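Undergrad: Chain by chain, the residues:
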Amino acid sequence: GQNIDQPTEMTATEGAIVQINCTYQTSGFNGLFWYQQHAGEAPTFLSYNVLDGLEEKGRFSSFLSRSKGYSYLLLKELQMKDSASYLCAVGRGGGADGLTFGKGTHLIIQP
Amino acid sequence: DSGVTQTPKHLITATGQRVTLRCSPRSGDLSVYWYQQSLDQGLQFLIQYYNGEERAKGNILERFSAQQFPDLHSELNLSSLELGDSALYFCASSARQGSNTEAFFGQGTRLTVV
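Keeping their order, the protein sequence lines are chains F and V.
For the first sequence, the working numbering gives the first residue as 1, with consecutive numbering after it.
For the second sequence, the working numbering gives the first residue as 1001, with consecutive numbering after it.
It should be emphasised that the hints constitute simulated quantities derived from the structure, not laboratory data.
Be aware that a few hints might be false.
Here are the simulated DSSO-like cross-link-like pairs (lysine-lysine), alpha carbons at most 27 Å apart as the crow flies [what the hints assert, rightly or not]:
no., chain 1, residue 1, chain 2, residue 2
1, F, 81, F, 103
2, V, 1009, F, 81
3, F, 103, F, 68
4, F, 57, F, 68
5, F, 57, V, 1057
6, V, 1057, F, 103
7, F, 76, F, 103
Just so it is clear, the structure is predicted and the values come from calculations on it, not from any experiment.
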């Protein structure tokens, strides 16, 4: 089966740091993705982790622990435009393509 | 702009009807994915085509079907529509097959079944 859990909603302050956690239990694994989605818009790619450890890309970093089935997305120097939903997704692997998405974390940035 | 084009942007139709959603992938991308996003289920993978051939199936209902044409555009056909089919339907494309590939999403088609 496929199960991806992430918090439904989080609130943070402009200029601060926020960490969005994601835990997964999936029958296949071919990497973990984070996407950003503003309301009513298309998801846009943020990061991809396939090996354990931290990947840094500007203000965004993503961490993966395969043994724990755990990932997090770290957003630094928060800006108002970072208010969006953040979707954790697992590559299905095992010869099966497509991504299994969590339901997303709605991040609200306050001034 | 991701380079993936979906038409129409909005569609309102009645229960029992049939609709076709269209997707043009980014130039050069061979893989096309279809996803359904509803408020309670989140983004659900429906089906993938690679270079004209069906590659993978997800949670796609038997009332739904898709195809990818020689020019690589794809169509998703939804028939015998029910109220619960109301959702945002996204198409995504990637250069290669394989779920370790970054996918680029179109702006979606919002389907409302009344």
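Undergrad: Regarding the pair residue 103/F and residue 68/F, is the alpha-carbon distance no greater than 27 Å?
TA: 20 Å, holds
Undergrad: Would the pair residue 57/F and residue 1057/V pass a check requiring their Cα atoms to be no farther apart than 27 Å?
TA: 32 Å, violated
Undergrad: Keeping to a limit of 27 Å between CA atoms, is the pair of residue 76/F and residue 103/F held or broken?
TA: Roughly 23 Å separates the two Cα atoms, so the pair holds.
Undergrad: Is the hinted pair residue 57/F and residue 68/F satisfied, with a Cα-Cα distance of at most 27 Å?
TA: Judged against 27 Å, a Cα distance of about 23 Å means the pair holds.
Undergrad: Need the status of pair residue 1009/V, residue 81/F: alpha-carbon distance at most 27 Å?
TA: 24 Å, holds
Undergrad: Are the Cα atoms of residue 1057/V and residue 103/F separated by 27 Å or less?
TA: 20 Å, holds
Undergrad: Regarding the pair residue 81/F and residue 103/F, is the alpha-carbon distance no greater than 27 Å?
TA: 21 Å, holds
Taken one by one, the earlier hints fail for this structure only at number 5.
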